[in-house]
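Colleague: For reference, the chains in residue letters:
2 protein chains.
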Amino acid sequence: MEAEPVLIGGAWRKALAPKGSFAAINPATGERLKSRYPVSSFGDIDAALQASRRAASELRSVPPVNIAAFLYAYADRIEKRGDALVKTASLETALPEEPRLRSVELPRTTDQLRQAAAACRDRSWCRATIDAKNNIRSKHGPLGGAVVIFGPGNFPFAFNPAAGGDFAAAVASGNPVIAKAHPGHPGTTKIFAEAALEILKESNLPRGMVQLLYHFEPEDGLTLAAHPLTGATAFTGSRPSGLRLKKAADKAGKPVYLEMSSLNPVILLPGSLEERSDEIAQELFTSCTMGSGQFCTKPGLVILKQGLRSEAFFHRLLTLFRQAPAGILLGQNTLNRLREAIAGMARLGAEIVTGNTVPDLPGYRLDNTLLRISGERFLEHPRELQIEAFGSVSLVVFAEDDDRMMKILEVLDGDLTGAIYSDSRDKDEGLYKRIEPVLRLNVGRLLNDKMPTGVAISPAMSHGGPFPATGHPGFTSVGIPASLLRFSALHCYDNVRARRLPEEIRDKNPTGRMWRFIDGEWTRRDL
Amino acid sequence: MEAEPVLIGGAWRKALAPKGSFAAINPATGERLKSRYPVSSFGDIDAALQASRRAASELRSVPPVNIAAFLYAYADRIEKRGDALVKTASLETALPEEPRLRSVELPRTTDQLRQAAAACRDRSWCRATIDAKNNIRSKHGPLGGAVVIFGPGNFPFAFNPAAGGDFAAAVASGNPVIAKAHPGHPGTTKIFAEAALEILKESNLPRGMVQLLYHFEPEDGLTLAAHPLTGATAFTGSRPSGLRLKKAADKAGKPVYLEMSSLNPVILLPGSLEERSDEIAQELFTSCTMGSGQFCTKPGLVILKQGLRSEAFFHRLLTLFRQAPAGILLGQNTLNRLREAIAGMARLGAEIVTGNTVPDLPGYRLDNTLLRISGERFLEHPRELQIEAFGSVSLVVFAEDDDRMMKILEVLDGDLTGAIYSDSRDKDEGLYKRIEPVLRLNVGRLLNDKMPTGVAISPAMSHGGPFPATGHPGFTSVGIPASLLRFSALHCYDNVRARRLPEEIRDKNPTGRMWRFIDGEWTRRDL
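The listed protein sequences correspond, in order, to chains R and Z. Just so you know, we're using the working numbering here: the first sequence kicks off at -1 and counts up by one. Just so you know, we're using the working numbering here: the second sequence kicks off at -1 and counts up by one.
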């Protein structure tokens, strides 16, 4: 059977001298799906880079409103293809059609595209800054090369490299995209790219603006991230792959944005358990098991103080974990890595209290798993015990006292999120005040009385955090307009003649609505 | 003679087990100056890191207005120490007391500190963002560790690690600083640190907020940049040293901001020479030779089209270069590297038309040097010919035609600046439109009809650019408030209780004047 074509330079064409082909597997059954997809050789990558160079150059004279129109039309088209997308994605990932794919992730994805479109049309994202007296003006502008996006397996829509958040941000900031599909859902990604190309053909935009490769060898990925024609790389996935990409891109001086794993500690202060233990157990259980625990913000580490109340809480949590059926994992690799992570924790002294057994059900599954360890033992191997277990697995640490809890927090690696639950009448305030400063610096998003799994597409969101959760603590991959800035360079114009300036920093406000920082004031007025 | 003490944890103390000592040399005479400074062992570095950890933690509860007060008072104190600073710096660098040190660089430095103080007091720099409906709020906050600053040799005040732009930005954004003096002007740096400590002692600020080490071995510098207690590193200096630091910091996932060399191409379009050849020659000469050509924004590459008018221009420039006396360089190393760079260009086909001779004058000097090469030959070794020659040296490339000029621009490495001179009546507009898109993407700051050496401290300034000029194209090291963002993390607060929020993102505007991005609008109002 012939492998599916790749999308390069505005046309679907056969992969050049592919290094083999692959098929997606239905995780619910273990069956190989019919379509085959090529493993591209560097010839395809090179052709995509050349096409993206032309696209990047053409994009510089495309009005933002046209790029915005593309994003709006693309969101509409995605909705029209909703059935095909949902069915294909469900087949490829075993994520349920309802509510997850159709009613949650698809609307999230189109909302994201529309928010990016609005930001692109509005132009305020580029932070136009004018120093009138000195006639120095600056704004953020595109990178001049492709943004290469490596999408993760767990969000076939919302983080899809051809339709998700990184895609929306890269396009809205004026860059062409080379999407590298996740091998778990090539068919889904293909439908997105087809829809995108249709819209490109109906518009006057450079057709090389969206390109798709399904797979290539890891070494070729490193070459791509470091390539002179690459503008930047965005990656969401495992830490080892992320670190390899980071090294290659860093060496070449190419910006690279990575989301590489996170434990998302949840700290339950004593008063919260005194007040609403069962409620919190229910919330935590839901957060740990939704999407089969395959969220980057799943709470993988729960920290509480030892004692009877904590034991009761744990028992309640345990019951919930035991009663719930094992969800389906994304694939054999996910299952293997999950078991390795659990075995690693057990070797270091964590007790597997429930789960870690493969149920007699079709598909890749592991029973919901809960581990526990004392604070003292946790602190014997704090680094090694902070390995992301991607599935319905959580490690509960019983700190012997407040000091031990502080010590645990002090050794935590950088995380995307950190949540603190406390008594609503402020009985926990003393301990909160002690731990907050430590946790704050270690995470991108700090939560109160809320589980971290929901990541709102809000201008105030940070889906980021200190290394090794990501590669730089100052950026976010979710939240518009901030996420657009990742794919931009700061362009200063010093004494440049008025009509040679980009519209955004001319005297006249190009939209009448755009926010600009003029002589120290944020304003919508003309200069 | 005993070596000078280092400043660690709020006290001047003897270096622990130093690995030797060094003295500054007066570049005007070659004489070794009297004071000796220690080469610190890692013991000193470690002690500084521990002290900065405490300072970082204490700083989190210091009101910004107090940090601002420190910066204001420090600027005042620097002015009081102006005589000592100017005399010491002139002795250590041979830069003239007037106008350079006293009337230009010192006021620039205090202005920078006061602008940073104003930004700190104003708080708008932190980009407070509020999504009221979802109660998600975010702002940029400090890194939680020391900002390690490696200052360059060429600006003893304005880029001094204990008083310059990086220092001002790091402190204003709430971070403690570990200053690593440049070995060329340790005495100058000591005066700054003494003044800073005086102010710290008069205030209630953490004394470990400003620390000073004079020197350490390169390997220890790499360990420092990668250290868990380091928040970020800022470096201004040579490309080889910068790349080593970058590799170490990148591997550890630590933010690192580098300014590593730049050619600063100046492109003279034909109409500009037709119109005002002599005037441009004078401007270019001044820009190439001021500060003995030791500016990061010195035009090291001039590109024009071959022809009679260009020859006349070159002849005029040559006369100016020849007539002017050789300035004093910062040291023997600077002279050696400068000669190596010139020899490298000559080996690759550039003709040394004037200069490259050591004059019979005291101090480290090299006669002003002008080289020329054809576009064709330049393109034979474009990468190797783009080596920064740090001194009064410039390479003039004679492009055979417009296409050749484009080809040259296309192979240029990332630069801090790029300038285009053109005819004032727009005769050059066609060629401008062709070259601008290429140059734009390659530089941080694009200029028209202006030499790049002046770097205004303006909110719209970008002193940055694509690799290898810097390590990331989205940041600037000059220009407030943007430069502060380098030393910050994005801190999101999701559902955090109102009185636990930092003041900047509470409902009430903490200053009544601070700009915040609330529900999509930049505003100074309360929520």
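Quick caveat, the hints were computed from the structure, so don't treat them as lab data. Don't take every hint at face value.
Pairs involving identical chains hold if they fit within one copy or between any two copies, as the list cannot separate such chains.
[Said to hold, decoys possible] DSS-like mimics (lysine-lysine), calculated; alpha carbons at most 25 Å apart, straight line:
no. : residue 1 : residue 2
1   : Lys448    : Lys131
2   : Lys131    : Lys12
3   : Lys506    : Lys448
4   : Lys448    : Lys245
5   : Lys425    : Lys448
6   : Lys425    : Lys405
7   : Lys32     : Lys131
8   : Lys199    : Lys12
9   : Lys12     : Lys431
10  : Lys506    : Lys431
11  : Lys405    : Lys131
12  : Lys78     : Lys249
13  : Lys199    : Lys448
14  : Lys78     : Lys405
15  : Lys405    : Lys12
Fair warning: this is a prediction, and the values are worked out from it, not measured in the lab.
Colleague: With reference to the structure, classify each hint as holding or not holding.
Modeller: Results for each hint:
1. Lys448 with Lys131: Intra 49 Å, inter 16 Å, cutoff 25 Å: inter-copy only.
2. Lys131 with Lys12: So Lys131 and Lys12 fail the 25 Å test inside a copy (56 Å) and across (49 Å) alike.
3. Lys506 with Lys448: between (45 Å within a copy, 24 Å between copies)
4. Lys448 with Lys245: This pair counts as neither: shortest intra-copy Cα distance 35 Å, inter-copy 38 Å.
5. Lys425 with Lys448: within (18 Å within a copy, 64 Å between copies)
6. Lys425 with Lys405: Close inside one copy (22 Å), not across copies (70 Å); limit 25 Å.
7. Lys32 with Lys131: neither (65 Å within a copy, 46 Å between copies)
8. Lys199 with Lys12: within (20 Å within a copy, 71 Å between copies)
9. Lys12 with Lys431: neither (60 Å within a copy, 37 Å between copies)
10. Lys506 with Lys431: between (49 Å within a copy, 21 Å between copies)
11. Lys405 with Lys131: neither (53 Å within a copy, 36 Å between copies)
12. Lys78 with Lys249: neither (43 Å within a copy, 45 Å between copies)
13. Lys199 with Lys448: Cα proximity of Lys199 and Lys448: none, with 45 Å in one copy and 43 Å across.
14. Lys78 with Lys405: neither (53 Å within a copy, 46 Å between copies)
15. Lys405 with Lys12: neither (56 Å within a copy, 33 Å between copies)
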